[in-house]
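Please put together the full structure from these sequences, using the hints given.
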Amino acid sequence: DQQVKQNSPSLSVQEGRISILNCDYTNSMFDYFLWYKKYPAEGPTFLISISSIKDKNEDGRFTVFLNKSAKHLSLHIVPSQPGDSAVYFCAARASGTYKYIFGTGTRLKVLA
Amino acid sequence: EAGVVQSPRYKIIEKKQPVAFWCNPISGHNTLYWYRQNLGQGPELLIRYENEEAVDDSQLPKDRFSAERLKGVDSTLKIQPAELGDSAVYLCASSLGPLRGKGNEQYFGPGTRLTVT
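Heads up: the protein sequence lines correspond to chains C and L, in order. Counting along the first sequence from 1, when you hit position 32 you're at 60 in our numbering, and nothing is skipped either side. Counting along the second sequence from 1, when you hit position 4 you're at 921 in our numbering, and nothing is skipped either side.
It should be emphasised that the hints constitute simulated quantities derived from the structure, not laboratory data. Because the structure is a prediction, the values reported are computed rather than measured. Mixed in with the good hints, there may be bad ones.
To be verified - Once the Cα atoms are required to be at most 27 Å apart in a straight line, the calculated DSSO-like pairs of lysine-lysine come out as:
| id | chain 1 | residue 1 | chain 2 | residue 2 |
| --- | --- | --- | --- | --- |
| 1 | C | K84 | C | K99 |
| 2 | C | K65 | L | K979 |
| 3 | C | K65 | C | K127 |
| 4 | C | K127 | L | K933 |
| 5 | C | K127 | L | K995 |
| 6 | C | K127 | L | K988 |
Claimed, not checked - Covered by chain C, according to a simulated footprint, are these stretches of chain L (three or more residues, beta-carbon under 8 Å):
| id | segment |
| --- | --- |
| 7 | 942-949 |
| 8 | 991-1005 |
Stated by the list, open to error - One side of the interface only, derived from the structure: several residues of chain C facing chain L at Cβ under 8 Å:
| id | residue |
| --- | --- |
| 9 | P68 |
| 10 | E70 |
| 11 | F117 |
| 12 | Y126 |
| 13 | K127 |
| 14 | Y128 |
| 15 | T132 |
Positions of the beta carbon are idealized from the N, C-alpha and C atoms, including for glycine.
Set out below in structure tokens:
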């Protein structure tokens, strides 16, 4: 049972436009969510996180939105840059645990 | 600051052979994770250490996989004997520890890509 789902395996966006990556989860005990970016032949790199007590967290061009009632989070990148082309993973952790469940990833391609 | 170091980066072995992976976490990071990432999937936790203690190894196939973290710093992950289905990228990650905020961030190494033929 996939507790964290990224239903879009790939996304293409024009440079300068907004990229929106989506993630759904099923476990209502998840209270902390993270986004990672992964380039080929490298390990995932932490991008941004959000606690369940918030519904938005912003860091520069990256904003994560959390909708607890819908069990949905999204990552917005604006403006998108060619260097943002990578695979993006969302991950979630249940309250009181330190086990992170990862989604299957979305490959973002930003077209120049 | 040096990141998480893993070696080797690539390994090709025949099935039934043993293999070992090594990880050196970021200095001062008490928590160390081993993940396995299959093609097209996200990382899946195999084992988590707090210092030298394995606090979550529920996902580790203990019949063939073993891990250790002597002195609470470097760690090794071993597979013996390897099977075809073990082909994957093995990622090591570390974090400060079971703290809120910054301590929740995991820093990943580049991984070891294992191919079992």
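For a quick check of understanding: which of the numbered hints are violated here, in increasing order? 2, 4, 7, 8 and 9
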